[in-house]
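Chains as they are written, first to last, in my numbering: chain A, 0 to 544; chain B, 2 to 163.
Just so you know, these hints were derived from the structure itself, not from any lab.
Treat each hint with caution, since some may be false.
Claimed, not checked - Below, computed lysine-lysine pairings styled on DSSO-like, alpha-carbon distance capped at 30 Å:
| # | chain 1 | residue 1 | chain 2 | residue 2 |
| --- | --- | --- | --- | --- |
| 1 | B | Lys104 | B | Lys58 |
| 2 | B | Lys57 | B | Lys162 |
| 3 | B | Lys48 | B | Lys127 |
| 4 | B | Lys127 | B | Lys57 |
| 5 | B | Lys160 | B | Lys58 |
| 6 | A | Lys382 | A | Lys93 |
| 7 | B | Lys58 | B | Lys48 |
| 8 | B | Lys57 | A | Lys382 |
| 9 | A | Lys93 | B | Lys57 |
| 10 | A | Lys7 | A | Lys369 |
| 11 | A | Lys7 | A | Lys254 |
| 12 | B | Lys48 | A | Lys382 |
| 13 | A | Lys382 | B | Lys104 |
| 14 | B | Lys48 | B | Lys162 |
| 15 | B | Lys57 | B | Lys160 |
| 16 | B | Lys104 | B | Lys127 |
| 17 | B | Lys104 | A | Lys369 |
| 18 | B | Lys160 | A | Lys369 |
| 19 | B | Lys104 | B | Lys57 |
| 20 | B | Lys127 | A | Lys382 |
| 21 | A | Lys369 | A | Lys104 |
| 22 | B | Lys48 | A | Lys93 |
| 23 | B | Lys127 | B | Lys160 |
| 24 | B | Lys104 | B | Lys162 |
Said to hold, decoys possible - A short list of chain B residues far from chain A (calculated; beta carbon distances all over 10 Å):
| # | residue |
| --- | --- |
| 25 | Ala39 |
| 26 | Leu52 |
| 27 | Gly70 |
| 28 | Ile82 |
| 29 | Ala157 |
Even glycine gets a Cβ: it sits at the ideal position worked out from N, Cα and C.
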Amino acid sequence: MSSEPTPKTALRVFAENLRAAPGEIYRSLFRGGRPVTDRSRSTFVFNNVFLHLHAVRTHLWSLRWRTTLGLGTAALAAFLVTLVTGVLLMFYYKPYPDAAYQSIKDIHFVVPTGRFIRNIHRWAANIMVITVILHMARVFYTAAYRQARQFNWLIGIVLLATTLGLSFTGYLLPWDQLAYWAITIGANIAQSPREVTDALGITQSFDPGGLQRQLLLGSDVVGEEALIRFDLLHVMVLPLLLTGLLAVHFWRIRKDGGLARPDDADERVGREKGTGTFCAQHPKGRSGKRCLSPFPDRPAPSRTYPVFTEAPAKTYQLAAIVRGRTAWVSRSPEKTVPSMPHLFYAELAVLMLTVLVCLGLALVADAPLKELANPDVPENPAKAPWYFLGLQELVSFSAFMGGTVIPAIALLGLGLIPFLDREESGTGRWFGGPGGWRLVLQAAIFGTAATLAVEAIAIRYGWLREWFPGIPQLVITFINPGTILTALYAVYSLWIVRHYNSTRAGALGLFTCFLCGFVLLTVIGTYFRGPNWAFYWSPADWPKH
Amino acid sequence: MTPTTSQPPSRLDPEPVARRDFLGLGSLAAAGAALLFAGFGILRLPKAAVLTSPSKKFRVALPESLPAGQGFFPPGHSVAIFRDDDGVYAISTICTHLGCIVKGTAEGFSCPCHGSLFAPDGSVVKGPAPRALPWFQVADGGGGTYIVDEGATVPAGTKVKA
Chain A
0 MSSEPTPKTA
10 LRVFAENLRA
20 APGEIYRSLF
30 RGGRPVTDRS
40 RSTFVFNNVF
50 LHLHAVRTHL
60 WSLRWRTTLG
70 LGTAALAAFL
80 VTLVTGVLLM
90 FYYKPYPDAA
100 YQSIKDIHFV
110 VPTGRFIRNI
120 HRWAANIMVI
130 TVILHMARVF
140 YTAAYRQARQ
150 FNWLIGIVLL
160 ATTLGLSFTG
170 YLLPWDQLAY
180 WAITIGANIA
190 QSPREVTDAL
200 GITQSFDPGG
210 LQRQLLLGSD
220 VVGEEALIRF
230 DLLHVMVLPL
240 LLTGLLAVHF
250 WRIRKDGGLA
260 RPDDADERVG
270 REKGTGTFCA
280 QHPKGRSGKR
290 CLSPFPDRPA
300 PSRTYPVFTE
310 APAKTYQLAA
320 IVRGRTAWVS
330 RSPEKTVPSM
340 PHLFYAELAV
350 LMLTVLVCLG
360 LALVADAPLK
370 ELANPDVPEN
380 PAKAPWYFLG
390 LQELVSFSAF
400 MGGTVIPAIA
410 LLGLGLIPFL
420 DREESGTGRW
430 FGGPGGWRLV
440 LQAAIFGTAA
450 TLAVEAIAIR
460 YGWLREWFPG
470 IPQLVITFIN
480 PGTILTALYA
490 VYSLWIVRHY
500 NSTRAGALGL
510 FTCFLCGFVL
520 LTVIGTYFRG
530 PNWAFYWSPA
540 DWPKH
Chain B
2 MTPTTSQPPS
12 RLDPEPVARR
22 DFLGLGSLAA
32 AGAALLFAGF
42 GILRLPKAAV
52 LTSPSKKFRV
62 ALPESLPAGQ
72 GFFPPGHSVA
82 IFRDDDGVYA
92 ISTICTHLGC
102 IVKGTAEGFS
112 CPCHGSLFAP
122 DGSVVKGPAP
132 RALPWFQVAD
142 GGGGTYIVDE
152 GATVPAGTKV
162 KA
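Chain A extracted, bound-state conformation (with noise of 0.2 Å):
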């Protein structure tokens, strides 16, 4: 008799197929099982299409909390807040004029948790913008921006750039008073190139100026055409660009070898400690240590450790053909951890508090509505978002030269800081290069008497046509506070440059001076201008009318 087992029905087939699905959809949703060996980690790292813009392993450099501050994961926290808080938001924005401001007004006071989820929108993207910044100045200051991380720096800039234009466009979509204002000085800040054409002449045939202010706004007056441009940059064009670039900008990190570190830096994570660094003593270590576990004076868990017993499940093949000094070939891979759980709970940590930090805003400040814009009637002072009160003082000496010259040449300085800084010493240390951080304090020191003087004689004497009435625009346009200010950080960084006989030494001079006068100029657009722009040294002093 045969003993073969009489086949399966297909309806029973069916049946246990069933009965196995939960199972099998858990193990296909966790290919890799849990993440509990090096293996696991690595693979549940690899294998999936979001982590894996990470690398598998992170050094432990990159993990100690000064290297970076936390503060491109808290600039990209304060992103995804946006990004909810935004969605939500459009259920009731209607971006039509005077619908606009009803909406909104409506989100305000009558829809459920309305005004905190805009008051939250409100600070994450104010946080955003102060994140990014300082994260800029964390990358240039560890000068992180060297030898095979030039292209991410320049992606890093025109984030910089979409995150400003993010801002921007959002400001106009309440459609009051602020928004209606300060949108007309955006647009005429666009047609700025006219100030130059008109001198010349050459309007008529020759109007760059005329064309983008008409771009922006889709007609000659800031109105519906208008809104709904900015309505489409604000929740389409701009999000999509940067979450794009996001993606390429966090694969960059890891294409070039991690976070930027210092050549002793392996050494340096092992000597120091308790100090936020992780020790543990290991037989194996060739000093007799291994620093891995978060615990210093524990033992490190058995199912992690040792690190490289396990055969990979994965080899590096691709090591092959990967650029530069990214591979670490010839590098001990002792001082990394799986990135799982050591940098994802880092992650999570900052994302957490940025959350808390926006809730805990939202909670004690609104954010602000005036009245329904009114074309008749500027705002009077008719301020910026402060971030582009800085911009908005320059522009008050000559719209060309502060709204768009000096921003394009500042964008320009700042993409070309690792090309024109190919020096090596330094990199990972904060204010790393010739000069240090006592050259950093000088050029502080210098950028803000440089631009407090110059603030000073502007304020006190006024400028040009004030003394000599009568002068050519031309004139004014091209010596005005802005670009005397603006050359004189060029000067003092050439002669640093020529001092130290070191380029990263000059960048240092001239991004300090720029970080000085940003910080400034803005404090002064910010609690020193008044109506008509004057000075007041309270806003107490300001005239009632």
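Model the placement of chain B on the given structure of chain A, informed by the hints.
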């Protein structure tokens, strides 16, 4: 038989440009050019051919008792209209700096946004404004009214007798 000279060129001694490479590069260039032109075509869309702003011409009746040198500001329009012995004239109240609406003062006009000051004839006295306030075309509308065209500028000093 000896090998002929029509051997295929070796990898070490290739043709200057292989036929396939030439065709490939040619089609790549063609595709690039097509996409470029398509891009320019698409860019025409955001530049509106017709502007939605309201008509620039409007009819206005001046108050009987308008002293010389004092402006009349018709609501809804960014214009100041004056009347003196030489006739009627209209000056734009849109600041030439960044588009804020200037206010009429005893000394001329002042801009609230960045502090530009203008003389009564619109010329710049102080501040960042790059140009004088433009004068607009005024026509006699009959029956004591005037037609102001905000779209047409005239040289400063052009006044219209009723």
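A quick look at each hint next to the structure:
| no. | hint | result |
| --- | --- | --- |
| 1 | B:Lys104 with B:Lys58 | 22 Å, holds |
| 2 | B:Lys57 with B:Lys162 | 22 Å, holds |
| 3 | B:Lys48 with B:Lys127 | 35 Å, violated |
| 4 | B:Lys127 with B:Lys57 | 29 Å, holds |
| 5 | B:Lys160 with B:Lys58 | 17 Å, holds |
| 6 | A:Lys382 with A:Lys93 | 25 Å, holds |
| 7 | B:Lys58 with B:Lys48 | 24 Å, holds |
| 8 | B:Lys57 with A:Lys382 | 28 Å, holds |
| 9 | A:Lys93 with B:Lys57 | 28 Å, holds |
| 10 | A:Lys7 with A:Lys369 | 74 Å, violated |
| 11 | A:Lys7 with A:Lys254 | 51 Å, violated |
| 12 | B:Lys48 with A:Lys382 | 28 Å, holds |
| 13 | A:Lys382 with B:Lys104 | 18 Å, holds |
| 14 | B:Lys48 with B:Lys162 | 40 Å, violated |
| 15 | B:Lys57 with B:Lys160 | 19 Å, holds |
| 16 | B:Lys104 with B:Lys127 | 15 Å, holds |
| 17 | B:Lys104 with A:Lys369 | 21 Å, holds |
| 18 | B:Lys160 with A:Lys369 | 40 Å, violated |
| 19 | B:Lys104 with B:Lys57 | 21 Å, holds |
| 20 | B:Lys127 with A:Lys382 | 20 Å, holds |
| 21 | A:Lys369 with A:Lys104 | 10 Å, holds |
| 22 | B:Lys48 with A:Lys93 | 23 Å, holds |
| 23 | B:Lys127 with B:Lys160 | 25 Å, holds |
| 24 | B:Lys104 with B:Lys162 | 26 Å, holds |
| 25 | Ala39 | 19 Å, holds |
| 26 | Leu52 | 5 Å, violated |
| 27 | Gly70 | 21 Å, holds |
| 28 | Ile82 | 15 Å, holds |
| 29 | Ala157 | 15 Å, holds |
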